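Sequential numbering from 1069 applies to the sequence shown in my numbering.
Just so you know, these hints were derived from the structure itself, not from any lab.
A few of these clues could be false.
What the hints assert, rightly or not - SDA-like cross-link-like pairs, simulated, lysine to any residue; straight-line CA separation at most 20 Å:
| hint | residue 1 | residue 2 |
| --- | --- | --- |
| 1 | Lys1173 | Leu1291 |
| 2 | Lys1173 | Ser1148 |
| 3 | Lys1526 | Thr1122 |
| 4 | Lys1173 | Thr1122 |
| 5 | Lys1526 | Thr1567 |
| 6 | Lys1526 | Gly1555 |
| 7 | Lys1526 | Glu1471 |
| 8 | Lys1526 | Arg1561 |
| 9 | Lys1173 | Leu1114 |
| 10 | Lys1526 | Tyr1494 |
| 11 | Lys1526 | Ile1502 |
Note that the structure is predicted; figures quoted are calculated from it, not measured.
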Amino acid sequence: MTFFQRDRMQIAAIVLLALIIRGPTFGFSSLGWDEDIFALVAREILIGNWPYQTVFDHKPVGLYLPYTAAYLVGGDNPVSGKVLAWVVVVAAAVTVRAIGTDVFKLRGPTATGFGIAYVLFATCVLYASSGFLVGLYLMLGFYCFMAPPAPGVARLTFAGALFGLAFQTNYLAGFPMLGFSVGYVVQRMRPFGPRDVLRGLLGSLRTAGAPLVGFVVANVAVLAPLHAAGSLEEYFFLQRNYVSGYGVTVGLRDLLAGFMSVHDVTLPIVALTLAYLGQRLSSAERDGEPEAWDSVLVTAGLYLGGVAATVVSRQFLDHYVQLVIPWVLLFAMSVLALPSITRRMRQWAIAVAIASSLTIVVPRTKPIAGIAWRTLTGPGPTGIFDRPRMVAARLAGWVGPPETIYVLCTLPVIYQLAGVRPPTRYPYYPHHTIPRNTRALGIDTRTEMRRIIAGNPKAIVLGDFESCVGVQREDYDWFRAHATSAGYRARERVADNVTILVVPEVAERSAVD
């Protein structure tokens, strides 16, 4: 068997593992609120409406482009989003492996082990979140910078464009980018003599020109359609308002507790690598490994930048761990690439990486298996135990394009499943019901709800108050009473906690049909 064939089999193993883990989710209507709203924005882009025009979401516009491409290729259905997540995870894991073999010169099986660890770690979130996309873009950019032969202008420009896409996907990408830049400049200065430092700084400035051009071009390309649509100024205004008010004030104890809650799975690898680094830094033998240590400096910068992004965000959520996982794995691989490391240490590091990732994958795959089983055997139309699909099946009798519905206190994927559009610019209801969000957007909750009802949506899909995210009880009760006074009546109850409200003439028409 040739080396290429061995590589092909190892890559196939990564692809297959990701499919085994994520394949059962392809039939789910929704894997999370974020995925649903990303899909709605992408659907609008496909009909020529760019973000902030007809459907609002507060993320940078670049996040929605992969979803738009997925729905363009795979069709307007939730499966396209799940396949996108699988493709992104596979691409990132294969990139991890390529960095291991081409940049750090690790053996194929060793690098493949880290690719598999990435696939396992990635089960912390099952949809294609901004963290996944940022990690893929930045790792590809890292490869362009660091892989031999020395990069030319074209590769450096492409790396800068990837960094630009990462930034327009999630602004927190700026922190690992800054860490990478600092690490790259520092490694160019070694061995830190006065002349070496000056030469390294000048060399870094010369190298920075092409990536900077690529970064600017990518940002301009992503924002140009918004400028053409006349909404760029509003985009910047709302981004500033939303981002500035998104974080919450936390004390030092809360900060440390939150950090530990999302980074406990990475700490074994970090402890292992830091212990080895400490041992090596105290040894004179490190002078015989300058190139290997250069890689350690750069990956350490990326890791610290990822940590900074998570801490600065002050949002200790599952998907924010994705801002750190890629850099932990790259950092560990860079340490394994040091020539003096022992075989036993290398085997131990691989074992720790995979064992740590299992602390995520085991708790995540158990509920996946349970949901998949209920999907096949549970009650409901066509045997599907999937609340949004059950709601969409009920709506199919009297609602369809080009009519509108309004979804409150349940998953917005119902818009997509029913093939209809929302009657509001804010279909993800927390945007117009949570005070922090309404202040950032300059809107009033009840004024927006009046506008929605005045638009005469054919149906209102209303989840129980206990299902609401951040809605005030008085606003929920007011909306239901206002909808009733406008002629909406409860048509039926779905899955115990969702009520479909329709106007009487729609209910009568459905009964006649």
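Worksheet item: Within a Cα-Cα threshold of 20 Å, do Lys1526 and Thr1567 meet the stated pairing?
Response: holds (14 Å)
Worksheet item: Is the hinted pair Lys1526 and Tyr1494 satisfied, with a Cα-Cα distance of at most 20 Å?
Response: holds (17 Å)
Discussion item. Hinted pair, alpha-carbon criterion (20 Å max): Lys1173, Leu1291. Please report holds or violated.
Written reply: Distance of about 38 Å is beyond 20 Å: violated.
Worksheet item: Does the structure keep Lys1526 and Arg1561 at a Cα separation of 20 Å or less?
Response: OK: Lys1526 and Arg1561 at ~17 Å, within 20 Å.
Worksheet entry | Hint consistency between Lys1526 and Glu1471 [alpha-carbon to alpha-carbon, up to 20 Å] | holds (7 Å)
Item to complete: Sort out whether Gly1555 lies within 20 Å of Lys1526, counting only the CA atoms.
Response: Holds - the C-alpha atoms of Gly1555 and Lys1526 are around 11 Å apart, at most 20 Å.
Discussion item. Need the status of pair Lys1173, Ser1148: alpha-carbon distance at most 20 Å?
Written reply: Roughly 36 Å between the alpha carbons, so the hint for Lys1173 and Ser1148 is violated.
Worksheet item: Straight-line Cα separation of Lys1173 and Thr1122 no greater than 20 Å?
Response: Violated, at about 49 Å.
Worksheet item: Does Ile1502 lie within 20 Å of Lys1526 when you go C-alpha to C-alpha?
Response: The given pair, whose Cα atoms are some 25 Å apart, is violated under the 20 Å limit.
Worksheet item: Taking 20 Å as the top limit, are the C-alpha atoms of Lys1173 and Leu1114 close enough?
Response: violated (43 Å)
Worksheet item: Between Lys1526 and Thr1122, is the straight-line Cα distance small enough, at 20 Å or below?
Response: With Cα atoms ~19 Å apart, Lys1526 and Thr1122 stay inside 20 Å; holds.
Hints 1, 2, 4, 9, 11 from the earlier list are contradicted by this structure; the remaining hints agree with it.
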